[in-house]
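Given the coordinates of chain A, work out where chain B should sit on it, guided by the hints.
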Amino acid sequence: MSESPDAASGFALWVGVSANQVVVGVSGELDVATAPDLERLVGALIERGHTEVVLDLADLGFLDSSGLEVVAHLSARLRRRGAVLKARGLSERTRRILTLSAMGGLVEVEPPDPAALPPRSEQPTSSDPTTADAAPADRAVWLARVTALPAEGDAIDAALELVTALVHATVAGADGVSVSVPRHGRLTTVAATDETIAQMDRDQYATGQGPCLAAADEGHRFHIDSLAEEVRWPDFVPRALDGGIGSILSTPLLAAAGPVGALNIYSRTARAFGPPEMSLAALFATQASRIVAGAGVDGTSEAAANRLQDALRRREVIAQAQGVLMARHNVSAEAAYASLRRSSTRADIPLRDQATATVASTQLPAPSTGSTP
Amino acid sequence: MNQPTHVLEQGRRDLGLSHGELWFRYFELGGMSTALEVEAYLYGALIPTTHDGDLIATALNERSSELGGDHPIPYSDGG
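From first to last, the protein sequence lines are chains A and B.
Under the working numbering, the letters of the first sequence match residues 738 to 1110, in that order.
Under the working numbering, the letters of the second sequence match residues 1365 to 1443, in that order.
If you are wondering where the hints come from, they were derived from the structure by calculation, not from laboratory data.
Please read all numbers here as calculations on a predicted model, not as lab measurements.
Do not take every clue at face value.
Where chain A lies over chain B, by a calculated footprint (3+ residues, C-beta under 8 Å) [to be verified]:
hint: 1; region: 1370-1382
hint: 2; region: 1387-1398
hint: 3; region: 1414-1424
A virtual CB, placed ideally from N, CA and C, is assigned to each residue, including glycine.
Isolated chain A, as found in the complex (with noise of 0.2 Å):
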């Protein structure tokens, strides 16, 4: 299975969905590594139905045989289907080489849509072809614009429900999905297309079982391809069966530090996903991972919560100390913290160690029963 976007060259896919078009962004280079997956994800959304397709090329950094190829395959299916495909924000250069290859007359240059997209100079690492890997939250931001989110409320959370929207609109028998990450502690459901998925996913929760929940907790992919015979988390199965749904995948978000939730695709039928849902599954959920890790809403926030209430305890460690200090040689609180202090130095410890050592001198062996005083 493919990733994408592709580290190394900078690649990466977005998509845009408005009343009457699609499309998609090419960030990166396109070659022979990265080609295939702008095919699988155009065709898919051909497939879907979309007829009005748009390649916003305006970041590409490099084409070479096997990007053209796959821009000839997708103007032809699209051919097929009496429609053109488009392309904006064409360089110079990506003009050059498509009239060199003679493959102008197969895509139709449009100039940038104002009322579909916002202005580029509005984005600055998008206008910029030397930032094209652009920071993942600037992404996100962007991408919620594109389909004229509400500016208000979580900007994150808004990009995550425009990913729920898109692999809704692009991966087929997928009748539901939904973003499920991390909040306080707990795996929570950010985004969701509608109730139904949303309450299959608190039904998981409250289980403490099913896919979705695997998915995020090990980090690699849990598919159910038929629900009724499905044996593994007893407890979910039948709930899910009550609610209509026949398939689920659910693809691990993946931050470096390791899964950071889950994308879940729900389908009313059985047999609904096979190696094309999987694969487009993984470049959605490689999105998605990207908004979620730079927003900070996983480990990070998670990891300072910790690191918080670390601190918290420490400084605790250390006042008891100091008020063993004051008790024990009666001096001021600010003398016992220098004692302290001096005594960690000496011994060449943290502080907070010497604290520990010095409560925990004041506390007696614990009373073994059976013996006489």
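Below, chain B alone, put in the same frame as chain A:
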């Protein structure tokens, strides 16, 4: 007698701690000043109490120990 505050700021830079990270370590040691106040101590815009100055020195010296160094920042009592 307090450490001259520029000694603290120089120590922070030498030890590669951000202002935020230094404040966190100071807070962990029981410090009560805000991050902004600690930054102001280092720039000499506010004068720390003897105790606060020693807490910042402790945070810096512990960082130095972590990096395998000695305790380069003096304390108010010379200890």
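* Asked: If you check each hint against the structure, which ones fail?
  -> Of the numbered hints, just 1 does not hold.
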